[in-house]
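A.B. asks: Now for the letters of each chain:
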Amino acid sequence: MATQQIFSPLPGIFYRKPAPDKPDYKSDGDTITEHDTIGLIEVMKSFNEVKAGAAGKILRFLAENEEAVMAGQPIAEIDV
Amino acid sequence: MTIQKLLIANRGEIAVRIIRAARELGIATVQVYSKADKDSLAVRLADESIEIGPPQASKSYLNQATILAAARTTGADAIHPGYGFLAENAEFAAAVEAAGLIFVGPTAQSIRLMGDKVAAREAAAAAGVPTVPGSAGRLDSADAAFALVEKTGFPVMIKAAAGGGGRGIRIARSAEEFHHLMPQAQAEALAAFGDGGLYVEKLIEGARHIEVQILGDGRDVIHCFERECSLQRRRQKVWEEAPSPSLAPAVRDRLCSSAVALARAVDYRGAGTLEYLYDDRSHEFYFLEMNTRIQVEHPVTEMVTGIDLVCEMIRIAGGEPLRIRQDQVRVRGHSIEVRINAEDPAKGFLPSPGTISALSVPAGEGVRFDSMLYQGYTVPPFYDSLLGKLIVHDKDRPSAIRRLQRALAELSVEGLATTKTLHQALARDPDVQAARFHTAWLEPWLETHAASLGTVAPSPTAKVAQ
Chain S
1 MATQQIFSPL PGIFYRKPAP DKPDYKSDGD TITEHDTIGL IEVMKSFNEV
51 KAGAAGKILR FLAENEEAVM AGQPIAEIDV
Chain B
1 MTIQKLLIAN RGEIAVRIIR AARELGIATV QVYSKADKDS LAVRLADESI
51 EIGPPQASKS YLNQATILAA ARTTGADAIH PGYGFLAENA EFAAAVEAAG
101 LIFVGPTAQS IRLMGDKVAA REAAAAAGVP TVPGSAGRLD SADAAFALVE
151 KTGFPVMIKA AAGGGGRGIR IARSAEEFHH LMPQAQAEAL AAFGDGGLYV
201 EKLIEGARHI EVQILGDGRD VIHCFERECS LQRRRQKVWE EAPSPSLAPA
251 VRDRLCSSAV ALARAVDYRG AGTLEYLYDD RSHEFYFLEM NTRIQVEHPV
301 TEMVTGIDLV CEMIRIAGGE PLRIRQDQVR VRGHSIEVRI NAEDPAKGFL
351 PSPGTISALS VPAGEGVRFD SMLYQGYTVP PFYDSLLGKL IVHDKDRPSA
401 IRRLQRALAE LSVEGLATTK TLHQALARDP DVQAARFHTA WLEPWLETHA
451 ASLGTVAPSP TAKVAQ
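As given, the protein sequences belong to chains S and B, one line each in that order.
The first sequence: position 25 = 25 (full-length UniProt numbering), numbered continuously.
The second sequence: position 320 = 320 (full-length UniProt numbering), numbered continuously.
Where hints are given, some of them may not hold.
[Claimed, not checked] Listed below are the simulated DSS-like cross-link pairs for lysine-lysine, each with C-alpha atoms no more than 30 Å apart in a straight line:
hint: 1; chain 1: B; residue 1: Lys151; chain 2: S; residue 2: Lys51
hint: 2; chain 1: S; residue 1: Lys17; chain 2: B; residue 2: Lys59
hint: 3; chain 1: S; residue 1: Lys17; chain 2: B; residue 2: Lys35
hint: 4; chain 1: S; residue 1: Lys22; chain 2: S; residue 2: Lys51
hint: 5; chain 1: S; residue 1: Lys17; chain 2: B; residue 2: Lys347
hint: 6; chain 1: B; residue 1: Lys420; chain 2: S; residue 2: Lys17
hint: 7; chain 1: B; residue 1: Lys35; chain 2: B; residue 2: Lys59
hint: 8; chain 1: S; residue 1: Lys45; chain 2: B; residue 2: Lys117
hint: 9; chain 1: S; residue 1: Lys51; chain 2: B; residue 2: Lys347
hint: 10; chain 1: B; residue 1: Lys38; chain 2: B; residue 2: Lys59
hint: 11; chain 1: B; residue 1: Lys395; chain 2: B; residue 2: Lys347
hint: 12; chain 1: B; residue 1: Lys38; chain 2: S; residue 2: Lys45
hint: 13; chain 1: S; residue 1: Lys17; chain 2: S; residue 2: Lys51
hint: 14; chain 1: B; residue 1: Lys35; chain 2: S; residue 2: Lys51
hint: 15; chain 1: S; residue 1: Lys22; chain 2: S; residue 2: Lys45
hint: 16; chain 1: S; residue 1: Lys45; chain 2: B; residue 2: Lys347
hint: 17; chain 1: B; residue 1: Lys38; chain 2: S; residue 2: Lys26
hint: 18; chain 1: B; residue 1: Lys117; chain 2: S; residue 2: Lys22
hint: 19; chain 1: B; residue 1: Lys35; chain 2: S; residue 2: Lys45
hint: 20; chain 1: B; residue 1: Lys59; chain 2: S; residue 2: Lys22
hint: 21; chain 1: B; residue 1: Lys117; chain 2: B; residue 2: Lys151
hint: 22; chain 1: B; residue 1: Lys35; chain 2: S; residue 2: Lys22
hint: 23; chain 1: S; residue 1: Lys45; chain 2: B; residue 2: Lys151
[Claimed, not checked] Stretches of chain B that chain S covers, calculated by requiring three or more beta carbons in the stretch to come under 8 Å of a beta carbon on chain S:
hint: 24; region: 50–60
hint: 25; region: 381–390
[Unchecked claim] Cβ pair distances, simulated, as ranges:
hint: 26; chain 1: S; residue 1: His35; chain 2: B; residue 2: Leu45; range: 41 to 51 Å
hint: 27; chain 1: B; residue 1: Lys35; chain 2: S; residue 2: Lys17; range: 22 to 32 Å
hint: 28; chain 1: B; residue 1: Glu443; chain 2: S; residue 2: Asp21; range: 27 to 37 Å
hint: 29; chain 1: S; residue 1: Asp30; chain 2: B; residue 2: Gly194; range: 26 to 36 Å
hint: 30; chain 1: S; residue 1: Thr33; chain 2: B; residue 2: Arg23; range: 50 to 60 Å
Treat the hints as calculated values from the structure; they're not laboratory data.
Please read all numbers here as calculations on a predicted model, not as lab measurements.
Positions of the beta carbon are idealized from the N, C-alpha and C atoms, including for glycine.
Isolated chain S, as found in the complex (with noise of 0.2 Å):
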């Protein structure tokens, strides 16, 4: 096993969830594949899904709900 980062694709506002009334997209703990969304980035009024780009575990994360993040920030933890 190995620990891999999830970087944010584009600079923007960080939401770990699609919506405020839903629930998270992914948690702590949680299993994933490689196609699955783990947050959204909204750059510019747009909403930009971020991919987990690999099958792992989830760690943790490093970037908060309604963070502002930068493009090739490191906004989770897993372990592939």
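With chain S fixed as given, assemble chain B onto it according to the hints.
C.D. replies: Chain B only, in chain S's frame:
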């Protein structure tokens, strides 16, 4: 003038626009800013600036308590809300007045009335302003809604009474579709807005978007003629002009008079815009809604009438009566505004924040560029994509389009993608040149003209995930 110091509760190009107007009126300016806007042009231009929180608008530009505290700290006696953010928030307008400050805009009561679609429609009907055939008020039962659409005919739009900006709208083209969509719409409205109230109106296909600018002082109201904003993508205007190229003079008189009648009926104070749908085959117009703020596209009205709308709204807020009589408002020539957004039209309008590495701004006769740009500025990703507006004025519409083409060729924004190429393609399109368009014209046009919208061929993988 009772206003001495004006706080601008907004950002971007409109903040710059308001600072300029205030300065010409001899009013000191305070610019509020989020951490992401520390280096903005508005902050550089204002007499004073004060930070109001983190980049997220919900924690800065929408934070009423922090903005009011900033006004107290800086000794501002008035707040201009611009457009968007808190501009049409009745609670904020009331809080500003309760704090003993001037809100540069209408009363909280006017904002509340016009913000409720059904109430606004009732006010319009009472003032004799035609509205789209449909429910006279909110409908709480599917049966009542169906009884109504049997009379109006199809297609119809089902809208949430508490919705806005195109959210929660469904289109039913038959009774069958209507029975299928109505319960969905009700459930969705309840979930999204906490209010399951709906209203139903006939869909006017192929209609144009025409809006009337008005100014009121709480007693008297004048209109400053109309703008046409039919070129829209996802219900966002991209190209606006004044006067409308599609309105017959007799219809223009009736349209503008109806706007004045409605604004008068609600004792409107400040600058406002009444939006209409216009069917140029039947020459019928229908009131849609009233925006109780300055609009993005206000400059085209300023160019053709010579009236500085932002100055006038500040003067009115300061307690001055209207300085202009209706018979003094005249339209001279034609004006077009195009929105320069940080979006890549060749890549499905992918947002494109970044740093302006080089900037060349058009100038010369009849050209105005309202923007928040300067060389070296980094456009933050946290707000809308509007960078600026290129506005041209000339003696008639064909000349204005040629001037627009000339000005677009002079505009160069390097370091990020912009919608300049979209406007160049539109300006040379025969249908645009002949003003043969309606509100649903642009989106299919974009699909067939994708190849002409950039220097780089559009890639099928480069779509915005929405």
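A.B. asks: Are the Cα atoms of lysine 38 (chain B) and lysine 59 (chain B) separated by 30 Å or less?
C.D. replies: Cα-Cα ~15 Å, so holds.
A.B. asks: Just to be careful, I want the Cα atoms of lysine 45 (chain S) and lysine 117 (chain B) compared with a cutoff of 30 Å; is the pair within it?
C.D. replies: holds (24 Å)
A.B. asks: Tell me if the straight-line CA distance from lysine 35 (chain B) to lysine 45 (chain S) falls inside 30 Å.
C.D. replies: Holds: lysine 35 (chain B) and lysine 45 (chain S) sit about 18 Å apart, inside 30 Å.
A.B. asks: Sort out whether lysine 151 (chain B) lies within 30 Å of lysine 117 (chain B), counting only the CA atoms.
C.D. replies: At roughly 21 Å apart (the allowed maximum being 30 Å), lysine 151 (chain B) and lysine 117 (chain B) satisfy the hint.
A.B. asks: Taken at face value, is the distance from the CA of lysine 59 (chain B) to the CA of lysine 17 (chain S) at most 30 Å?
C.D. replies: holds (18 Å)
A.B. asks: Between the region 50–60 of chain B and chain S, see if three or more residues pass the 8 Å beta-carbon test, and mark the coverage as holds or violated.
C.D. replies: Check passed, 4 qualifying residues.
A.B. asks: Tell me if the straight-line CA distance from lysine 17 (chain S) to lysine 51 (chain S) falls inside 30 Å.
C.D. replies: Answer holds: lysine 17 (chain S) to lysine 51 (chain S) is near 13 Å, not above 30 Å.
A.B. asks: The hint says 27 to 37 Å between glutamate 443 (chain B) and aspartate 21 (chain S); measuring C-beta to C-beta, is that right?
C.D. replies: At roughly 30 Å between Cβ atoms, aspartate 21 (chain S) and glutamate 443 (chain B) fall inside 27 to 37 Å, so the hint holds.
A.B. asks: Holds or violated: are the alpha carbons of lysine 17 (chain S) and lysine 347 (chain B) at most 30 Å from each other?
C.D. replies: Holds, at roughly 26 Å.
A.B. asks: Indicate whether the distance between the beta carbons of aspartate 30 (chain S) and glycine 194 (chain B) respects the range 26 to 36 Å.
C.D. replies: Distance hint for aspartate 30 (chain S), glycine 194 (chain B) holds at roughly 31 Å.
A.B. asks: Would you check the hint for lysine 395 (chain B) and lysine 347 (chain B), treating anything up to 30 Å between C-alpha atoms as holding?
C.D. replies: Answer violated: lysine 395 (chain B) to lysine 347 (chain B) is near 36 Å, above 30 Å.
A.B. asks: Hey, lysine 59 (chain B) versus lysine 22 (chain S), does the alpha-carbon distance stay inside 30 Å?
C.D. replies: holds (21 Å)
In the structure shown, a violation is registered for the earlier hints numbered 1, 6, 11, 17 and 23, in ascending order.
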